[in-house]
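In case you want the letters, here they are:
There are 2 protein chains.
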Amino acid sequence: MSVVLVIIIIAALAALGFAALNYKSIKSMDEGTERMSEIAQAIRIGADAFMKYEYKILIVVAILVAVALGVFVSWYTGVCFIIGTLMSGAAGWVGMKAATHANVRVANTARLTKKMGETLKVAFKGGSVMGLSVGGFALLGIFIVYLVFGKALGQLNIENATTLYKNWMGVEFVPFTMSLSGYALGCSVIALFNRIGGGIYTKAADMGADLVGKTEAGIPEDDPRNPATIADNVGDNVGDVAGLGSDLLESFVGSISAASILGVHLFLSNSNIGTELLEKLLYYPMIFAACGLLSCVLGIASLLSRKNLSDNPHRELNGATWVSAGLTMVIGLVLTLVLLKDVPAESFKEIGFALGAVSPWVGAALGIISGILIGFIAEYYTSYDYAPTKKVAAASKEGSALTITQGMAVGMISCMAPLIVLGVALYVSYLVGGMFGVAMAGAGMLSFVSATVSVDTYGPISDNAGGIAEMSKLDPEVREITDTLDSVGNTTAAIGKGFAIGSAAFAALSLMISFLYSFNDPTTPLQLNLMDPLTLVGALVGAALPYMFSGLLIEAVAKAARKMVDEVRRQFKEKPGILAGTDTPDYKTCIEISSKGALAEMKLPSMLAIVVPLGTGFLLGPWFVGGLLIGATVSAIMLAIFTGNVGGSWDNGKKYIESGAIEGEGKGTDAHAAAVVGDTVGDPLKDTVGPSLDILIKIMSNVSLIAVALFNKYNVLAWIESLIK
Amino acid sequence: MSVVLVIIIIAALAALGFAALNYKSIKSMDEGTERMSEIAQAIRIGADAFMKYEYKILIVVAILVAVALGVFVSWYTGVCFIIGTLMSGAAGWVGMKAATHANVRVANTARLTKKMGETLKVAFKGGSVMGLSVGGFALLGIFIVYLVFGKALGQLNIENATTLYKNWMGVEFVPFTMSLSGYALGCSVIALFNRIGGGIYTKAADMGADLVGKTEAGIPEDDPRNPATIADNVGDNVGDVAGLGSDLLESFVGSISAASILGVHLFLSNSNIGTELLEKLLYYPMIFAACGLLSCVLGIASLLSRKNLSDNPHRELNGATWVSAGLTMVIGLVLTLVLLKDVPAESFKEIGFALGAVSPWVGAALGIISGILIGFIAEYYTSYDYAPTKKVAAASKEGSALTITQGMAVGMISCMAPLIVLGVALYVSYLVGGMFGVAMAGAGMLSFVSATVSVDTYGPISDNAGGIAEMSKLDPEVREITDTLDSVGNTTAAIGKGFAIGSAAFAALSLMISFLYSFNDPTTPLQLNLMDPLTLVGALVGAALPYMFSGLLIEAVAKAARKMVDEVRRQFKEKPGILAGTDTPDYKTCIEISSKGALAEMKLPSMLAIVVPLGTGFLLGPWFVGGLLIGATVSAIMLAIFTGNVGGSWDNGKKYIESGAIEGEGKGTDAHAAAVVGDTVGDPLKDTVGPSLDILIKIMSNVSLIAVALFNKYNVLAWIESLIK
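These protein sequence lines are chains A and B, in that order. Residues in the first sequence are numbered consecutively from 70, following this note's numbering. Residues in the second sequence are numbered consecutively from 70, following this note's numbering.
Derived pair list, reagent style SDA-like, types lysine to any residue, alpha-carbon separation capped at 25 Å:
{"id": "1", "chain 1": "A", "residue 1": "K628", "chain 2": "B", "residue 2": "D739"}
{"id": "2", "chain 1": "B", "residue 1": "K283", "chain 2": "A", "residue 2": "D739"}
{"id": "3", "chain 1": "B", "residue 1": "K466", "chain 2": "A", "residue 2": "T738"}
{"id": "4", "chain 1": "A", "residue 1": "K283", "chain 2": "B", "residue 2": "D739"}
{"id": "5", "chain 1": "A", "residue 1": "K466", "chain 2": "B", "residue 2": "G737"}
{"id": "6", "chain 1": "B", "residue 1": "K794", "chain 2": "A", "residue 2": "A414"}
{"id": "7", "chain 1": "A", "residue 1": "K632", "chain 2": "B", "residue 2": "A730"}
{"id": "8", "chain 1": "A", "residue 1": "K466", "chain 2": "B", "residue 2": "R294"}
{"id": "9", "chain 1": "A", "residue 1": "K632", "chain 2": "B", "residue 2": "G733"}
{"id": "10", "chain 1": "A", "residue 1": "K794", "chain 2": "B", "residue 2": "L424"}
{"id": "11", "chain 1": "B", "residue 1": "K418", "chain 2": "A", "residue 2": "L786"}
{"id": "12", "chain 1": "A", "residue 1": "K782", "chain 2": "A", "residue 2": "L792"}
{"id": "13", "chain 1": "A", "residue 1": "K459", "chain 2": "A", "residue 2": "D739"}
{"id": "14", "chain 1": "B", "residue 1": "K418", "chain 2": "A", "residue 2": "L792"}
{"id": "15", "chain 1": "B", "residue 1": "K782", "chain 2": "B", "residue 2": "F141"}
To give a feel for the contact side, a few chain B residues facing chain A, derived at Cβ under 7 Å:
{"id": "16", "residue": "R631"}
{"id": "17", "residue": "I699"}
{"id": "18", "residue": "V746"}
The following label-pair restraints were derived from C-beta to C-beta distances:
{"id": "19", "chain 1": "A", "residue 1": "N341", "chain 2": "B", "residue 2": "Y783", "range": "31 to 39 Å"}
{"id": "20", "chain 1": "B", "residue 1": "D454", "chain 2": "A", "residue 2": "A669", "range": "27 to 35 Å"}
{"id": "21", "chain 1": "A", "residue 1": "L786", "chain 2": "B", "residue 2": "N226", "range": "39 to 47 Å"}
{"id": "22", "chain 1": "A", "residue 1": "T653", "chain 2": "B", "residue 2": "H383", "range": "54 to 62 Å"}
{"id": "23", "chain 1": "B", "residue 1": "L786", "chain 2": "A", "residue 2": "G86", "range": "45 to 53 Å"}
{"id": "24", "chain 1": "B", "residue 1": "D454", "chain 2": "A", "residue 2": "K125", "range": "41 to 49 Å"}
Honestly, the hints are just simulated from the structure, not real lab data. All residues carry an ideal CB built from backbone N, CA and C; glycine is no exception.
Work the whole structure out from these sequences, hints included.
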């Protein structure tokens with residue numbers, strides 16, 4: 070299996086090398102006018118300051134968690150956790166740095182060339198640094214974990230892989246699964262911080278800037294007279310770039326480790342599987358991910374290497390994604406057949422592979438296809454090319470109340486179709502590949518994550534470029550180019566959200582299955598019985614958890630946004646020269662308000678994700694937590710789809726009115742004002758709440774999986790029961 | 070057991086007699102000025118017309134369903150279904166008639182006496198007709214079903230009760246459970262129509278009236294110049310009175326029949342229980358309900374018989390409710406001990422009664438207490454006496470977007486506490502009374518339904534009285550009295566919603582348990598295994614269903630409201646004399662728009678509730694439907710709590726601003742306008758969507774329970790599997 074490790078490190082290094090190349094290429098470009106350079110510098114400084122401050126807190130949290138893991142689980146879980154935080158932290162940092170260098174170069178390219186294709190290339194190159202870093206660092210970490218813990222420490226030797234390790238508390242663990250889980254948890258914790266912190270930051274700044282600027286003072290978006298405008302642009306980088314990157318890195322790692330861990334558990338509960346297949350199941354998800362990463366390197370290069378890009382950014386970006394996804398499926402199929410060719414048919418049967426060697430690939434392919442379908446469904450409900458968002462835009466003519474009402478209707482109705490797609494993929498991948506097939510559907514969906522993240526990151530870079538163009542008072546033509554790129558970015562973001570929630574669902578499910586294997590009776594089929602009242606109550610409380618988490622996040626954004634509103638109002642009042650254009654606003658205070666607000670408000674929701682499964686686990690035991698996890702997962706999937714689509718629909722409904730497609734309406738009309746209300750309400754829903762929900766369910770599953778052996782042995786309810794007996 | 074039947078018929082007749090007395094007493098009162106009488110007449114005609122039209126459709130639907138039940142299940146299911154529709158239809162009709170007579174008398178009493186206490190008494194008397202009819206007709210129907218089908222046809226003779234009946238398709242049913250289920254389904258179908266139809270009607274009229282009247286024309290609520298104002302007042306009667314009454318009647322019947330049916334299934338799967346206990350389990354929920362109804366008669370009489378009521382309506386109403394609830398618990402305890410005193414201890418043990426004879430009463434008591442607690446929690450989140458709604462009101466100062474955002478945050482956070490209460494009640498009632506204890510928690514929560522419905526109905530009657538006062542240009546003092554009564558009604562409505570959703574959760578759960586018993590392997594503990602992929606997929610799709618249903622309902626209201634807006638605008642434009650007060654508006658066209666809109670738009674969501682469980686059942690079989698039911702139930706509970714509380718909070722946030730509690734704010738300020746947007750958005754959520762969700766989950770469970778024997782035998786998936794084998 071050493072060949073596998075070689076393939077993985079090649080894939081990781083290829084991705085990271087390509088990222089470094091693109092980073093260097095971006096930095097070597099000219100920043101444009103002095104004013105542009107100044108503004109870019111201000112954004113960069115703001116973003117750096119926030120990330121540094123956030124990472125300082127993270128270091129403390131990470132060390133505490135690592136020590137706790139080391140003491141209560143095992144030292145290698147703690148060390149792997151640290152590796153996870155380092156990899157995810159690095160990806161987020163590098164990607165964000167690249168974005169803050171790329172934004173101004175995008176604006177400058179548009180200024181110099183006036184060409185859509187050229188500008189797109191720079192923006193995508195900037196985004197590709199994040200995309201490739203996500204895949205590269207994630208696989209690099211996995212490589213280290215496999216090499217050091219799996220190989221050097223022998224956890225992957227079959228006899229060790231299935232031997233239980235007993236810690237000083239007498240709690241038993243399967244060693245390698247605890248290394249992998251530790252690594253995944255490290256990535257999760259960074260994602261939690263970057264997503265929630267960044268999410269609150271960006272939306273507080275955005276809402277604050279809009280509420281006073283657009284609505285009260287009547288100045289356009291990104292107007293340099295608005296004191297919150299730099300903070301708004303910083304927010305794009307720390308929220309939509311760094312947050313998104315760590316989020317998808319976490320999903321990527323989570324889906325791979327969930328599938329690998331499941332492999333071990335399947336082996337443990339089916340003694341007839343044979344050690345040969347076990348070893349392959351342990352490696353399969355990872356090698357498939359390496360295939361995906363290599364395919365993405367090729368897919369991204371296929372776009373960047375072309376001399377002349379067309380003026381249709383949507384087609385170009387889709388091209389890169391399809392090449393990556395297509396190659397992943399083809400290379401993945403070849404590799405699957407090679408890897409699994411010698412496995413005896415009985416082993417396949419034992420593990421539920423109905424179609425033999427090709428079975429896990431079918432699961433992965435179903436994951437890819439369903440991810441794409443969910444993305445299309447999101448596009449249908451949120452793009453103004455289709456009826457639902459047109460209806461939302463039309464409702465704006467009747468005022469803001471009906472805009473909100475109609476948007477909510479669209480968002481709620483939009484939950485059904487993706488769930489049917491998910492359901493079919495889940496059921497068929499199970500029929501073909503058993504539980505492992507389901508896990509591979511998740512891993513497959515994320516295998517070409519580097520391409521989707523590159524595309525997703527290009528959006529906020531273009532958005533920032535537009536802001537810099539506006540603030541530097543460049544030719545309106547420049548803004549037009551960046552606006553087109555930005556609006557395409559909105560659609561790609563909606564598709565990206567489909568992948569994020571779909572994969573989170575599969576990953577959470579695979580982790581949950583492993584969780585259940587950890588304490589279920591191995592002689593009976595795997596169970597999570599909702600007629601067990603403890604499990605049912607867990608599911609009920611679990612279902613309420615994402616609502617509470619979302620509510621807290623919305624409140625956090627609203628609170629920080631209100632502070633921003635007050636500050637902007639104060640500046641306008643105290644320095645009337647700002648609006649007249651004779652006085653410069655104080656951008657720094659606004660940046661500080663966003664930073665402090667984000668870091669203060671993220672604590673409670675973040676704690677919830679970790680404390681609730683642990684607390685209830687040690688109180689009520691694993692059956693309650695099993696219910697909690699399934700309840701939270703199902704409920705979070707719904708809310709994530711709802712918030713994502715409702716927010717996208719309001720956003721694009723507003724854009725539809727701005728485009729002049731509704732007769733007599735446009736910027737400045739009452740209908741537009743109503744649409745702006747919808748957009749403002751949707752902002753925290755789609756950009757803070759929705760993406761954070763993906764992380765919530767994965768981190769809960771991860772924490773539970775690591776701690777289940779502990780609270781299965783030690784919990785208050787079991788103790789009371791033992792007293793009664 | 071004939072004594073039990075006597076007690077039941079006494080309770081039913083006492084309630085119906087008392088209702089008739091109060092109805093007569095209301096009608097004998099004077100209507101006041103000619104103008105008042107005219108307006109009341111117009112509201113009455115509008116309400117009658119809608120109900121008649123709705124009932125005409127219902128007759129067709131009911132006959133079709135009854136025939137289908139008769140053919141595919143058994144003739145007695147069809148007949149009992151018809152009895153259910155008659156009872157529920159009668160209660161809705163009588164209660165609504167009483168309300169449309171009481172409204173004008175309430176206004177007149179306020180006009181003549183200027184006394185809060187006197188006015189409250191008339192309003193409550195009007196409401197009590199609905200409350201007592203709900204309890205009376207429900208029990209009357211149950212009495213008939215027990216007497217005719219149980220006794221006369223011998224379905225309750227022990228040998229028959231547990232003997233399976235085989236219909237011509239070879240499908241087997243337990244006879245009496247199919248009679249009870251048919252009866253419950255009849256009540257459900259009426260509730261579905263009244264709640265959804267009435268809910269769309271009332272909110273379309275309300276939103277339409279507000280959107281043009283308050284927001285555009287700047288005239289106050291209930292201003293006679295607003296063409297939609299009569300439709301708005303009609304809506305209160307068909308939605309908040311008739312809809313609410315049939316809804317709670319359905320819950321009441323559902324919880325009783327669910328518990329009784331569960332008793333049979335428990336007996337069938339625990340052969341050691343003994344026939345004596347079985348018979349008692351069959352009667353127990355019904356006799357407890359009769360206790361509750363008698364207690365309500367006394368509780369309601371305790372208020373109406375007093376000469377001088379205080380000026381604190383909240384205290385007076387609470388008094389009546391506490392007396393009813395307290396008596397129910399005391400009488401219920403005595404009766405439980407008498408009824409179950411001779412049962413051998415082993416039988417109790419077999420069925421999971423940990424505390425012997427008192428066990429089912431503990432379940433019922435937990436239901437009552439948790440219902441009250443959930444009500445208090447709803448009050449905390451929605452009343453402006455507490456922090457959450459104050460925050461929503463404060464957010465209005467920053468505009469409508471932050472009002473919506475802050476309200477959503479409150480609504481989402483508010484989901485956790487009631488779920489914990491429900492969870493604890495569920496778990497403890499299970500520990501004490503087994504599955505039957507859980508079912509009794511639901512039946513207990515609803516046992517004093519007549520008191521809660523009386524209190525709930527008094528709200529819309531007072532609201533209507535205020536409307537009549539405004540339109541008749543009575544002394545502002547009259548309006549002040551009715552406004553106070555109305556605002557207390559808002560709080561009691563929030564508490565009532567807590568009962569509605571809590572009881573729906575328990576009832577759906579008990580029905581689901583019976584559903585599972587219908588096809589689970591009787592030799593193993595009852596299972597609903599979410600690790601069975603078919604069940605899991607069912608749960609995922611099920612969880613999306615309430616979202617889709619809610620989205621369709623919101624869209625229906627928005628669509629009908631938009632038509633109303635257009636009509637009101639048209640009238641204002643074509644007859645400028647209306648706003649000047651020199652021309653009378655055309656109320657009738659607005660009433661027609663609401664009626665037609667409601668009846669057209671209710672079809673799709675209503676179909677969903679019936680077609681989805683049946684369709685998926687015959688396609689994918691009972692395990693999928695099991696998942697569907699649990700997913701839908703959990704998801705609907707969340708949405709019902711969220712929509713109820715978010716709507717209540719926006720409504721009262723607006724009232725808080727109107728009360729002048731925020732310095733510098735009040736009617737006419739920007740903050741008030743923002744709060745009105747929140748209130749308008751919340752209206753369909755809290756009054757159409759939330760209550761309809763309660764019915765959705767019960768009707769789905771009921772339909773599934775009746776059809777499970779059919780689709781367990783005949784479904785496409787099983788057929789395909791048999792082909793493969």
